[in-house]
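2 protein chains.
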Amino acid sequence: MLTAHERSREDTAALMEGIGRRARDAARPLAIAGSDRKRAALTAMAEAILRRERTILEANEDDVANGSEAGLSGAFIDRLTLTQARIRDMADGVRAIAALPDPVGEVIAAWERPNGLKIERVRTPLGVVGVIYESRPNVTADAGALCLKAGNPVILRGGSDSLNSSSAIHVCLVEGLVEAGLPEHAIQLVPTADRAAVGEMLKGLSGNLDVLVPRGGKSLVARVQQDARVPVFAHLEGICHLYVDRSADLDMAARLAVNAKMRRTGVCGAAETLLVDRAAVATHLVPILSALDAAGCEIRASAEVMAAWPRASAATEADWRTEYLDAIISVRLVEGVGEAIDHIEKFSSHHTEAIVAEDPAVVERFFREIDSAILLHNASTQFADGGEFGMGAEIGIATGRMHARGPVGVEQLTSFKYRVRGSGQVRP
Amino acid sequence: MLTAHERSREDTAALMEGIGRRARDAARPLAIAGSDRKRAALTAMAEAILRRERTILEANEDDVANGSEAGLSGAFIDRLTLTQARIRDMADGVRAIAALPDPVGEVIAAWERPNGLKIERVRTPLGVVGVIYESRPNVTADAGALCLKAGNPVILRGGSDSLNSSSAIHVCLVEGLVEAGLPEHAIQLVPTADRAAVGEMLKGLSGNLDVLVPRGGKSLVARVQQDARVPVFAHLEGICHLYVDRSADLDMAARLAVNAKMRRTGVCGAAETLLVDRAAVATHLVPILSALDAAGCEIRASAEVMAAWPRASAATEADWRTEYLDAIISVRLVEGVGEAIDHIEKFSSHHTEAIVAEDPAVVERFFREIDSAILLHNASTQFADGGEFGMGAEIGIATGRMHARGPVGVEQLTSFKYRVRGSGQVRP
Chain C
0 MLTAHERSRE DTAALMEGIG RRARDAARPL AIAGSDRKRA ALTAMAEAIL RRERTILEAN
60 EDDVANGSEA GLSGAFIDRL TLTQARIRDM ADGVRAIAAL PDPVGEVIAA WERPNGLKIE
120 RVRTPLGVVG VIYESRPNVT ADAGALCLKA GNPVILRGGS DSLNSSSAIH VCLVEGLVEA
180 GLPEHAIQLV PTADRAAVGE MLKGLSGNLD VLVPRGGKSL VARVQQDARV PVFAHLEGIC
240 HLYVDRSADL DMAARLAVNA KMRRTGVCGA AETLLVDRAA VATHLVPILS ALDAAGCEIR
300 ASAEVMAAWP RASAATEADW RTEYLDAIIS VRLVEGVGEA IDHIEKFSSH HTEAIVAEDP
360 AVVERFFREI DSAILLHNAS TQFADGGEFG MGAEIGIATG RMHARGPVGV EQLTSFKYRV
420 RGSGQVRP
Chain S
0 MLTAHERSRE DTAALMEGIG RRARDAARPL AIAGSDRKRA ALTAMAEAIL RRERTILEAN
60 EDDVANGSEA GLSGAFIDRL TLTQARIRDM ADGVRAIAAL PDPVGEVIAA WERPNGLKIE
120 RVRTPLGVVG VIYESRPNVT ADAGALCLKA GNPVILRGGS DSLNSSSAIH VCLVEGLVEA
180 GLPEHAIQLV PTADRAAVGE MLKGLSGNLD VLVPRGGKSL VARVQQDARV PVFAHLEGIC
240 HLYVDRSADL DMAARLAVNA KMRRTGVCGA AETLLVDRAA VATHLVPILS ALDAAGCEIR
300 ASAEVMAAWP RASAATEADW RTEYLDAIIS VRLVEGVGEA IDHIEKFSSH HTEAIVAEDP
360 AVVERFFREI DSAILLHNAS TQFADGGEFG MGAEIGIATG RMHARGPVGV EQLTSFKYRV
420 RGSGQVRP
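Just so you know, the sequences run in chain order C and S.
Under numbering that gives the first Met the number 0, the first residue of the first sequence is numbered 0, with each subsequent residue one higher.
Under numbering that gives the first Met the number 0, the first residue of the second sequence is numbered 0, with each subsequent residue one higher.
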């Protein structure tokens, strides 16, 4: 394994250039590979992961030992650590992707023209995908499998602290590719810890990288979004809102607030701000805050809310812009759905917002006027997830409006082309 | 009207900054504007164009006079010149866009989850569109109307030689917006001939420009594709192929070859290379070349083809890479559909390719293995056009694989969001 000190910046540029070229070369054979062949490769990958469990665990032990020595945080080490159960989950994940329908070749739309031309829009692979992730070795398998399913060559750049684990997993993926007769460079892992490799990916590998998917903390995503010369599928943060309308069912509102905030506080779909209709203050506010409080949630509130719930601390403007990713929620009152929408359009990261209401006109307005990737009615924001959407797996959640939005599953990793069938038509 | 000499580069930067900000401000009111309101605005625009016909023609006379004085080419002047008929076509085009179904709010997909959540994917506007075009004043109306229909603010930057004409048309568009109660900055025309304005658009107007559409010659498109920091919907060139298989109907093949090449030689969907199956040389080659020759087409051929058609001039490697946009076609033989696909994958600009064949297996292979935006079977490549596809109107044709591909009509100018309806579901 080479380290940053062993490989000069120029070497890394040349290395990445070669990786890009090999990925592009793999694109066509992969695009025309049949569904059976891709499924066989994915199944073989899952089997290889299980068969090489011992090797993967040993490689991971090295990473964990190095990480502990380097003084990495407990949370970091936890994400880095693989167990037998996690490896089996990984293999199951790959099998689940194998079982998904092949998106490539799917007819998305079909129509006939008055002149008899039959037009179809069919899915094609998107191109070479680059995935830049932090030290979660399981992303190697997830992202590799998902890209393969959509017929896209992928270049994986995992966190340097998990390079041994990722490499051991990558060997299994390549084994599956080769066993099924697919190009071994369809899934490449950047084999160096040199950070210059990321810079090369951001520059687009001389046109051989079509889209970047950063997976990790805010600073990684921010850097990729700012510096990438190719399109990026990502969300910088999930400042998700829950709005409780005057027409809301009280029990439901309290239950949804607790789940949206507290089920897992560290996920991007966790609610960060609760907006309560001023007309519901007397009835809904205190019971909802009591439920949150009982669940262990800290409440940061506007002055009006504090009048009803004095235990809250005072929220500042900064709170409306903060993704806590913790057991903290900001709370303010709004003048009905109109002001809720204004607040959300001003402060949201356009990831996920939910409304609790029984009045259908209010729900429709919320759905129509808010431009976030996911809007939910009478359901928890924590459903913002490709698996929960039935996509089988996701490579991440995107908040951009270009190409992919919301959970990015295999479908969003495809493009399309038109097939037109005629019987000798010439254009007049 | 300000010229490049009157406005310094810094002024232009500030001007464009303001244009970007006003476009972004118009995005939300436009996104939530109802279909009726957008239709009313478009209808009012068409009426204003007809009502102001005289003013538009006078402004155009100024542009044409200036252009002639500046020694612009005849073809350029022809594209620049408006007539009463062209103005009426323009108004009809805007009316046709008014009559299209509103893409915004359309449910593209809907499904239900086992937990009862009902998920819908619905179309939303894409964002602020920038259109950079050469001196075809009618693009002002086409592009402005199309973007409005999809709910997108648009910034139009027309060729400096048509600024008077474009401004006169733009006045009509703004009149329509205002009459319907829509933000007047939903359609802005860059009011300066300073080329620095284009540079500012390429930089993305501080995040206030979401996508760029260049319309014009190859050098304009190349510059935008190379320098833009935002996504670009475009095609650099249309090196379109027609492949005649051994199973082709001979009469059909000759008719399609002549139409694909000669109907209009200057359009991007015109065929530039003819590939003939070696197994069809004795039967198909000479009749097809005779038909092309009779239609006035120059033939540049490989040695094998020249043996059968000595009047051809010799093709070089450069011919396979050339978009003639003229009455010239390059011709070579290939060893069946396999070699035709290899040739196309190597030399095509991935715009449009057609096959003439009766063997369904050959057609399927052509359709599966070639990754161009449009593939046609037994039909002319000149059908590569949004109108011919039934899209009503197009802002251009894209050869990229990100977001939009093929003819870019109103649908491709949208994004989407998810609406999820529940009944109190929390995530376990």
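For the record, the hints were derived by calculation from the structure and aren't laboratory data.
A couple of the hints might just be wrong.
Copies of one chain are not kept apart here, so a pair can be met inside one copy or by any two copies together.
Listed below are the simulated DSS-like cross-link pairs for lysine-lysine, each with C-alpha atoms no more than 27 Å apart in a straight line [to be verified]:
1) K117 - K416
2) K202 - K117
3) K217 - K345
Taking the hints in turn, this is what the structure says about them:
1. In the homo-oligomer, the alpha carbons of K117 and K416 lie at most 27 Å apart inside one protomer (14 Å), although the nearest pairing across protomers, at 29 Å, exceeds that limit.
2. In the homo-oligomer, the alpha carbons of K202 and K117 never lie at most 27 Å apart, since the shortest distance is 40 Å inside one protomer and 40 Å across protomers.
3. Proximity of K217 to K345 under the C-alpha cut-off of 27 Å is restricted to the intra-copy arrangement: shortest distance 20 Å within a copy versus 41 Å between copies.
Violated hint for the displayed structure: number 2, the only one.
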